[in-house]
Amino acid sequence: EDQVTQSPEALRLQEGESSSLNCSYTVSGLRGLFWYRQDPGKGPEFLFTLYSAGEEKEKERLKATLTKKESFLHITAPKPEDSATYLCAGPDRGSTLGRLYFGRGTQLTVWP
Amino acid sequence: AAGVIQSPRHLIKEKRETATLKCYPIPRHDTVYWYQQGPGQDPQFLISFYEKMQSDKGSIPDRFSAQQFSDYHSELNMSSLELGDSALYFCASSPRDRGLGEQYFGPGTRLTVT
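Protein chains in written order, with the working numbering: chain A, -10 to 101; chain B, 39 to 152.
Since the hints were made in silico from the structure, they are not lab data.
It is possible that part of the hints are untrue.
What the hints assert, rightly or not - Here are the in silico distance ranges between beta carbons for each label pair:
| hint | chain 1 | residue 1 | chain 2 | residue 2 | range |
| --- | --- | --- | --- | --- | --- |
| 1 | A | 57 | B | 46 | 41 to 51 angstroms |
| 2 | A | 63 | B | 152 | 36 to 46 angstroms |
| 3 | B | 79 | A | 70 | 42 to 52 angstroms |
| 4 | B | 90 | A | 29 | 29 to 39 angstroms |
| 5 | B | 54 | A | 101 | 27 to 37 angstroms |
| 6 | B | 91 | A | 47 | 13 to 23 angstroms |
| 7 | B | 103 | A | 101 | 39 to 49 angstroms |
The structure displayed is predicted, hence computed values, not measured ones.
Glycine is no exception: its CB is placed at the ideal position from the N, C-alpha and C atoms.
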């Protein structure tokens, strides 16, 4: 069964303390991997799309990378406003129209 | 920039009642998706529409139905509601030329079934 697995489930960082979130996937024939941010009670917010191993995308303090087996979301010098749940998703291999499998997410808390 | 609009934002229903959730996608987005997110859970895909036709179906109960109208807005109809249907329901939209996973989510409708 296709799976997207994220770790850790929760991460607490002090402001300025860099770290990485992991997303591993067993989706065969992966056609892209996607990162979203979700604040409590709100809809997920699209962050990045990664299509091929070695690809990197950056946005402010976030950088997403992709290997053949996993993706990392690196957070450099985080601030309290980066606190959120970060979701990784992959498309269903049988779907050509965008059905996404989401991981359970990493709940990030950045304290001042 | 315009975002996905969902209404209502909150809905309280009793068991066995019916609910209708509405979604207005971002203008010029031709694909609409519906997801259900239970407390502490990841979003689960329900159903999607492309150009007003159902394009994909996930773990959507037979009690639920959905459609997309000529103005591209979509409605999720839920009948014979059960306590387990209590969740956040998200609608997302995407333009076909931006890739499958670049979906823009609305603020969600929080459905509570009592």
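Violating hint indices (sorted, rising): Hints 3, 5, 6 contradicted; others consistent.
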